[in-house]
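For the protein sequence lines, the chains are A and B, in the order given.
All residue numbers for the first sequence refer to our numbering, where the first residue is 23 and numbers rise by one.
All residue numbers for the second sequence refer to our numbering, where the first residue is 74 and numbers rise by one.
One or more hints might be untrue.
Stated by the list, open to error - Restraint ranges, calculated between C-beta atoms of paired labels, are given here:
#1 B:Asp125 / A:Glu189: 44 to 50 Å
#2 B:Glu130 / A:Arg120: 19 to 25 Å
#3 B:Glu93 / A:Asn149: 27 to 33 Å
#4 B:Thr81 / A:Arg120: 21 to 27 Å
#5 A:Glu189 / B:Gly154: 34 to 40 Å
#6 B:Glu93 / A:Arg74: 21 to 27 Å
#7 B:Asp133 / A:Glu75: 15 to 21 Å
#8 B:Trp105 / A:Ser187: 31 to 37 Å
To be verified - Listed next, the in silico EDC-like pairs over lysine to aspartate or glutamate satisfying Cα-Cα at most 20 Å (straight line):
#9 B:Lys118 / B:Glu93
#10 A:Lys165 / B:Asp125
#11 B:Lys146 / A:Glu189
#12 A:Lys165 / B:Glu121
#13 B:Lys146 / A:Glu53
#14 A:Lys87 / A:Glu75
#15 B:Lys117 / A:Asp79
#16 B:Lys151 / A:Asp49
#17 B:Lys146 / A:Glu54
#18 B:Lys75 / A:Glu142
#19 B:Lys146 / B:Glu100
#20 B:Lys118 / B:Glu100
#21 A:Lys100 / A:Glu189
#22 B:Lys152 / A:Glu53
#23 B:Lys75 / B:Asp114
#24 B:Lys151 / A:Glu54
#25 B:Lys146 / A:Asp48
#26 B:Lys146 / A:Asp49
#27 B:Lys152 / A:Asp49
#28 B:Lys117 / A:Asp48
#29 B:Lys117 / A:Glu142
#30 B:Lys146 / A:Glu151
#31 B:Lys118 / A:Asp145
#32 B:Lys118 / A:Asp49
#33 B:Lys146 / A:Glu78
As the list claims (entries may be wrong) - Partner residues are not named here, just some residues of chain B that face chain A (Cβ under 8 Å, in silico):
#34 Leu83
#35 Val97
#36 Thr119
#37 Tyr123
#38 Arg124
These aren't lab readings, by the way, just hints derived from the structure by calculation.
In this text the structure is predicted, and so the values were computed from the model without any measurement.
Glycine included, each C-beta is placed from N, C-alpha and C at the ideal position.
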Amino acid sequence: MEAIQNKVVGPVSEELTLVQAAKRGDDSAFEELVRRYDRNVFRIAQHITQNREDAEDVVQEAFLKAYSNLAQFQEQSKFYTWLVRIAVNEALMKLRRRKPERTVSLDEDIQTEDDSLPREIADWSPNPEQQYTQSELREILSKTIQGLPPGFRTVFVLRDVEGLSTEETAAALELSVPAVKSRLLRARLQLRERLGRYFQRRENGNGKSGDKSSDVNTGDVKTGDAPSGDGN
Amino acid sequence: MKCSEFLTELTSYLDGVLDEKTKVELENHLSWCHNCYVVCDTTKKTIEIYRDSQLYELPDDLRSRLRSAIMTKCQQHKKRGPQSV
Numbered sequence: 023m024e025a026i027q028n029k030v031v032g033p034v035s036e037e038l039t040l041v042q043a044a045k046r047g048d049d050s051a052f053e054e055l056v057r058r059y060d061r062n063v064f065r066i067a068q069h070i071t072q073n074r075e076d077a078e079d080v081v082q083e084a085f086l087k088a089y090s091n092l093a094q095f096q097e098q099s100k101f102y103t104w105l106v107r108i109a110v111n112e113a114l115m116k117l118r119r120r121k122p123e124r125t126v127s128l129d130e131d132i133q134t135e136d137d138s139l140p141r142e143i144a145d146w147s148p149n150p151e152q153q154y155t156q157s158e159l160r161e162i163l164s165k166t167i168q169g170l171p172p173g174f175r176t177v178f179v180l181r182d183v184e185g186l187s188t189e190e191t192a193a194a195l196e197l198s199v200p201a202v203k204s205r206l207l208r209a210r211l212q213l214r215e216r217l218g219r220y221f222q223r224r225e226n227g228n229g230k231s232g233d234k235s236s237d238v239n240t241g242d243v244k245t246g247d248a249p250s251g252d253g254n
Numbered sequence: 074m075k076c077s078e079f080l081t082e083l084t085s086y087l088d089g090v091l092d093e094k095t096k097v098e099l100e101n102h103l104s105w106c107h108n109c110y111v112v113c114d115t116t117k118k119t120i121e122i123y124r125d126s127q128l129y130e131l132p133d134d135l136r137s138r139l140r141s142a143i144m145t146k147c148q149q150h151k152k153r154g155p156q157s158v
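All chains, please: the whole structure from these sequences, using the hints.
Shown next, in the form of structure tokens:
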């Protein structure tokens, strides 16, 4: 089985040239940095906030903050990692404002190790994503990742969707490398378990669950009650 | 290698950062333990599906609106001075 290949975000030396020009007051260089990373920041923000308007605000606030604090940016780290750290903090602040009754942080809802142990071991259909239309699939993926605690989904998004390294993710989230690794494993396993409800190989051969459309449309992604399987 | 040890190494294995000795032990475990093979394969698919999903893509019209709003705010900030954010 081959290792997962990460996405690569633009060359670092070019990024540094743009940052240095922006520091000297060249706004077109800063605008180029916006062009380079706006899609990434938007994706990260929407994954964390799960709200389109909040994500739009986060994109604006994160870039404005980066612009106004550019002089403080130490060029030992990548600008993108620094920007991601700002965006994650802005996104978490949005979550806190929307859910004032709860404290939202990267440490929230960290459950015991046992919660991530595989219970559902059934294999998936070949190319399971092709059983659904693009919009059905997006809804399944969105609902499923929403079920993860913010601390897990943030690590998953930075590592597996955006392709940051473990070290970059740790730096962006101000977590230790072992903490990133542990959360990533648990996030991956929990997502796998939950997606299994939609993607498992079925006896009738076409892989489609009879009640999947009602599951998707009501937004009811059930968690934690999978039939037990022996993972040990 | 036991199933619990496989689980501990799964993330490093999928990321391609396992040392050669552990990788051989893990792949040997996968060759006879069907449950762990399925967990490994479906976890890999989970990552690939999310990575390739284009979930939350920024539409072009919104993208240019946001960029122009950002640059306007940046220019206002520059005029007003550093204490305005």
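Comparing the hints with the structure gives:
{"no.": "1", "hint": "B:Asp125 / A:Glu189: 44 to 50 Å", "verdict": "24 Å, violated"}
{"no.": "2", "hint": "B:Glu130 / A:Arg120: 19 to 25 Å", "verdict": "23 Å, holds"}
{"no.": "3", "hint": "B:Glu93 / A:Asn149: 27 to 33 Å", "verdict": "31 Å, holds"}
{"no.": "4", "hint": "B:Thr81 / A:Arg120: 21 to 27 Å", "verdict": "36 Å, violated"}
{"no.": "5", "hint": "A:Glu189 / B:Gly154: 34 to 40 Å", "verdict": "36 Å, holds"}
{"no.": "6", "hint": "B:Glu93 / A:Arg74: 21 to 27 Å", "verdict": "46 Å, violated"}
{"no.": "7", "hint": "B:Asp133 / A:Glu75: 15 to 21 Å", "verdict": "18 Å, holds"}
{"no.": "8", "hint": "B:Trp105 / A:Ser187: 31 to 37 Å", "verdict": "33 Å, holds"}
{"no.": "9", "hint": "B:Lys118 / B:Glu93", "verdict": "23 Å, violated"}
{"no.": "10", "hint": "A:Lys165 / B:Asp125", "verdict": "17 Å, holds"}
{"no.": "11", "hint": "B:Lys146 / A:Glu189", "verdict": "32 Å, violated"}
{"no.": "12", "hint": "A:Lys165 / B:Glu121", "verdict": "17 Å, holds"}
{"no.": "13", "hint": "B:Lys146 / A:Glu53", "verdict": "12 Å, holds"}
{"no.": "14", "hint": "A:Lys87 / A:Glu75", "verdict": "18 Å, holds"}
{"no.": "15", "hint": "B:Lys117 / A:Asp79", "verdict": "33 Å, violated"}
{"no.": "16", "hint": "B:Lys151 / A:Asp49", "verdict": "10 Å, holds"}
{"no.": "17", "hint": "B:Lys146 / A:Glu54", "verdict": "16 Å, holds"}
{"no.": "18", "hint": "B:Lys75 / A:Glu142", "verdict": "18 Å, holds"}
{"no.": "19", "hint": "B:Lys146 / B:Glu100", "verdict": "54 Å, violated"}
{"no.": "20", "hint": "B:Lys118 / B:Glu100", "verdict": "17 Å, holds"}
{"no.": "21", "hint": "A:Lys100 / A:Glu189", "verdict": "12 Å, holds"}
{"no.": "22", "hint": "B:Lys152 / A:Glu53", "verdict": "17 Å, holds"}
{"no.": "23", "hint": "B:Lys75 / B:Asp114", "verdict": "17 Å, holds"}
{"no.": "24", "hint": "B:Lys151 / A:Glu54", "verdict": "18 Å, holds"}
{"no.": "25", "hint": "B:Lys146 / A:Asp48", "verdict": "15 Å, holds"}
{"no.": "26", "hint": "B:Lys146 / A:Asp49", "verdict": "12 Å, holds"}
{"no.": "27", "hint": "B:Lys152 / A:Asp49", "verdict": "13 Å, holds"}
{"no.": "28", "hint": "B:Lys117 / A:Asp48", "verdict": "43 Å, violated"}
{"no.": "29", "hint": "B:Lys117 / A:Glu142", "verdict": "15 Å, holds"}
{"no.": "30", "hint": "B:Lys146 / A:Glu151", "verdict": "41 Å, violated"}
{"no.": "31", "hint": "B:Lys118 / A:Asp145", "verdict": "11 Å, holds"}
{"no.": "32", "hint": "B:Lys118 / A:Asp49", "verdict": "42 Å, violated"}
{"no.": "33", "hint": "B:Lys146 / A:Glu78", "verdict": "14 Å, holds"}
{"no.": "34", "hint": "Leu83", "verdict": "6 Å, holds"}
{"no.": "35", "hint": "Val97", "verdict": "13 Å, violated"}
{"no.": "36", "hint": "Thr119", "verdict": "4 Å, holds"}
{"no.": "37", "hint": "Tyr123", "verdict": "6 Å, holds"}
{"no.": "38", "hint": "Arg124", "verdict": "6 Å, holds"}
When the structure is compared with the earlier hints, violations turn up for hints 1, 4, 6, 9, 11, 15, 19, 28, 30, 32, 35 and for no others.
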